[in-house]
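Enquirer: All chains, please: the whole structure from these sequences, using the hints.
The listed protein sequences derive, respectively, from chains S and Y. For the first sequence, the tail end lands on 416 under numbering that gives the first Met the number 0, and the numbers increase by one without skipping. For the second sequence, the tail end lands on 128 under numbering that gives the first Met the number 0, and the numbers increase by one without skipping.
Some clues are possibly wrong.
[What the hints assert, rightly or not] Here are the simulated SDA-like pairs of lysine to any residue, each with C-alpha atoms no more than 25 angstroms apart in a straight line:
1) Y:K34 to S:V176
2) Y:K86 to S:A287
3) Y:K86 to S:R307
4) S:K264 to S:R307
5) Y:K72 to S:K394
6) Y:K86 to S:K394
7) Y:K86 to S:D271
8) S:K394 to S:E312
9) Y:K34 to S:V260
10) Y:K86 to S:V176
11) Y:K72 to Y:P97
12) Y:K34 to S:K264
13) Y:K34 to S:D231
14) Y:K34 to S:P272
15) Y:K34 to S:F174
16) Y:K34 to S:K394
17) Y:K86 to S:K264
18) Y:K86 to S:L274
19) Y:K34 to S:Y194
20) S:K264 to Y:P97
[Stated by the list, open to error] Far from chain Y, by Cβ distances over 12 angstroms, these chain S residues were calculated:
21) I7
22) P259
23) T397
In short, the hints are calculated from the structure, not lab data. Just so it is clear, CB atoms sit at the ideal spot from N, CA and C, and this is done for glycine as well.
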Amino acid sequence: MSEATRAIEAVWRIESARLVAGLARVVGDVGLAEDLAQDALVAALEAWPRSGVPDNPGAWLMATAKNRAIDRLRREKTYERKREEVARETGALFALERSEFEAAADDEIGDDLLALIFTCCHPLLTREARVALTLRLLGGLTTPEIARAFLVPEPTVAQRLVRAKRTLRDAKVPFEVPRGAELGERLPSVLEVIYLVFNEGYAASAGEEWTRPDLCEEALRLGRILAELSPDEPEAHGLVALMEIQASRSAARHGPDGSPVLLLKQDRGRWDPLLIVRGRRALERAEAMPGPLGPYGLQAAIAACHARAIRAEETDWVRIAALYDTLAQVSPSPVVELNRAVAVGMAFGPEAGLELLERIEDDPALARYHLLPSVRGDLLEKAGRTEEAASEFKKAATLTSNDREKDLLLRRAEGQG
Amino acid sequence: MRFMMFMYPQIEEQDWQPSAEAVEAMSRYNEELRKAGMLLSLDGLHPPSEGGVVSFDSEGTATVTDGPFAEAKEVVGGYWLIQARSKEEALEWAGRVPGESCRVEVRRVFEMEDFPQDVQDAVSENFGG
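Expert: This is the structure we're talking about:
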């Protein structure tokens, strides 16, 4: 790739989301908006290597895309089409010809971007489609980049994107920010998509394909954008806080051989203090708002408890246990119960933790989950019930597919964990 | 990845206090960075005369020099720490700084993984690993 092309690509990464959002507002369809934005990119790739990058590349791209849109719609009108489509596109044409080429006002751009976020994360779309469309239209990632990041074949991603855009068009999903009660209903879908992207990157072990850890940064970026655009949504700040604090541990999560290091065994000197501060600040914003913390805010508050402890022994387990109590009420799940049992065990002794585990031991969702016997083994060991502990560790070892984890569990079963 | 953008104002120290217009333009730029989700932190610095310098000779002996300084040299006026997806993207953002008579230097921040293993181990030993 030439230097000029790389510079254009960088501009594209910065401008593409706003460009697609601005165009989608005018033409009312994200698929068409993306095509027009791509036309503008092609034009830029032709023109800029000769003329240099213009002073205001965003405005240049927008003006070019709008001109292309007018050409395209005028041309297409001459073909025989369904009456409704012509009407819709004439409306778009009218809007395009009328709209000014100067950049929109700041809050308008913000509204367009927010509308794009909500449209990409529309509940009509499958989770995979939402993720792909968000990375494509808001992150400016190419189809091959998304495919590499999610370890799926390129045609699969391409197909997901095509289908998603078609679904939105066929359902005539309006390009807008949901208002009132609908906003509250649709926000969780947006938060979920961003957190999924984050976890996809976070779950990747050290040394894997570079694009995967990059997903964490991209998710953080999207989360921060969302929080800036909807500053009154406590869960947007809660999600940012959770991601910032989790990301602060990235460098400590793997040993030199790439094996995972558990939270309490991590070298806290490797935690990133800047991200911790940023996370705590975001959490404070969520806490300062009226009403109790939501699931993301609560998880962030738990993460912040760990971040505050300079050494693992200083962890405030009583507070963490209380936060898990609340989380179990707000967003109950067997995995939350399992974590709650760990926290209660640390705060009030292993027997208290074991008691909580009894309530979920028959949960079908956890039947094949190695962490259930592993946690029980840990609590039994602490309670001095070594034989029972050993059998739990052995059981856990049969359930995990990770060889390193299996070794660790079998060592613990021998009493040398 | 992270990049540090250093601002080197090419001005005399008596002109260090920026005008209200300059501050406003810079605030707008900072807001753009923040809204793009890329700004991690930023600070503006007091002029060097209010600071000091500690120099070490080849033996490692330290000498403190308090401001103001006789020789005028290029000094940092402030910095941004940003997250960007490539050097080109960071350079593009640097190009959008509303600057006049200044230089903005873009430098990539070392990540732990950029160091060889022995250096990483040394970091762990010194920070209570």
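Enquirer: Confirm or reject each hint.
Expert: The hints, checked one at a time:
1. Taking the CA atoms of K34 of chain Y and V176 of chain S, the gap is near 17 angstroms; set against the 25 angstroms cutoff, the hint holds.
2. Only pairs whose Cα atoms come within 25 angstroms are accepted, and K86 of chain Y paired with A287 of chain S is rejected, the gap being roughly 37 angstroms.
3. A hinted pair counts as satisfied when its Cα atoms are at most 25 angstroms apart, and K86 of chain Y with R307 of chain S does not qualify at roughly 33 angstroms.
4. Restraint check for K264 of chain S and R307 of chain S: satisfied, since their Cα atoms lie roughly 15 angstroms apart, inside the 25 angstroms limit.
5. For the suggested pair K72 of chain Y and K394 of chain S, the alpha carbons sit about 68 angstroms apart, so the restraint of at most 25 angstroms is broken.
6. As the CA atoms of K86 of chain Y and K394 of chain S are separated by approximately 49 angstroms, the hinted pair breaks the 25 angstroms bound.
7. A C-alpha spacing of about 22 angstroms is found between K86 of chain Y and D271 of chain S, which places the hinted pair at or below 25 angstroms, so the restraint holds.
8. Proximity of K394 of chain S to E312 of chain S is assessed by CA-CA distance (about 29 angstroms); at most 25 angstroms being required, the pair is judged violated.
9. A distance of roughly 34 angstroms separates the Cα atoms of K34 of chain Y and V260 of chain S; the hinted pair therefore is violated under the 25 angstroms criterion.
10. The hinted pair formed by K86 of chain Y and V176 of chain S fails the criterion: a straight-line CA distance of about 33 angstroms is larger than 25 angstroms.
11. Taken as a hint, the K72 of chain Y and P97 of chain Y pair is honoured in the structure, with Cα atoms around 23 angstroms apart against an allowance of 25 angstroms.
12. Simply put, K34 of chain Y and K264 of chain S have alpha-carbon atoms about 36 angstroms apart, too far for the 25 angstroms limit, and the pair is violated.
13. For the given pair, K34 of chain Y sits about 15 angstroms from D231 of chain S by alpha-carbon distance, which is consistent with the 25 angstroms threshold.
14. For a cut-off of 25 angstroms, the pair hint linking K34 of chain Y to P272 of chain S stands: about 22 angstroms separates their Cα positions.
15. With a CA separation close to 21 angstroms, the supplied pair K34 of chain Y and F174 of chain S stays within the 25 angstroms bound.
16. A distance of roughly 49 angstroms separates the Cα atoms of K34 of chain Y and K394 of chain S; the hinted pair therefore is violated under the 25 angstroms criterion.
17. Our distance criterion of 25 angstroms between C-alpha atoms is broken by K86 of chain Y and K264 of chain S, whose separation comes to about 35 angstroms.
18. A distance of roughly 21 angstroms separates the Cα atoms of K86 of chain Y and L274 of chain S; the hinted pair therefore holds under the 25 angstroms criterion.
19. For a cut-off of 25 angstroms, the pair hint linking K34 of chain Y to Y194 of chain S stands: about 19 angstroms separates their Cα positions.
20. Only pairs whose Cα atoms come within 25 angstroms are accepted, and K264 of chain S paired with P97 of chain Y is rejected, the gap being roughly 46 angstroms.
21. Distance check for I7 of chain S against chain Y: the nearest CB is about 9 angstroms away, which does not clear 12 angstroms, and the non-interface claim fails.
22. Listed as outside the interface, P259 of chain S is consistent with that label: its C-beta sits roughly 16 angstroms from the nearest C-beta of chain Y, beyond the 12 angstroms cut-off.
23. Remark: the non-interface label on T397 of chain S is consistent with the geometry, its nearest Cβ contact in chain Y lying 33 angstroms away (cut-off 12 angstroms).
Violated hints for the displayed structure, listed by number in ascending order: 2, 3, 5, 6, 8, 9, 10, 12, 16, 17, 20, 21.
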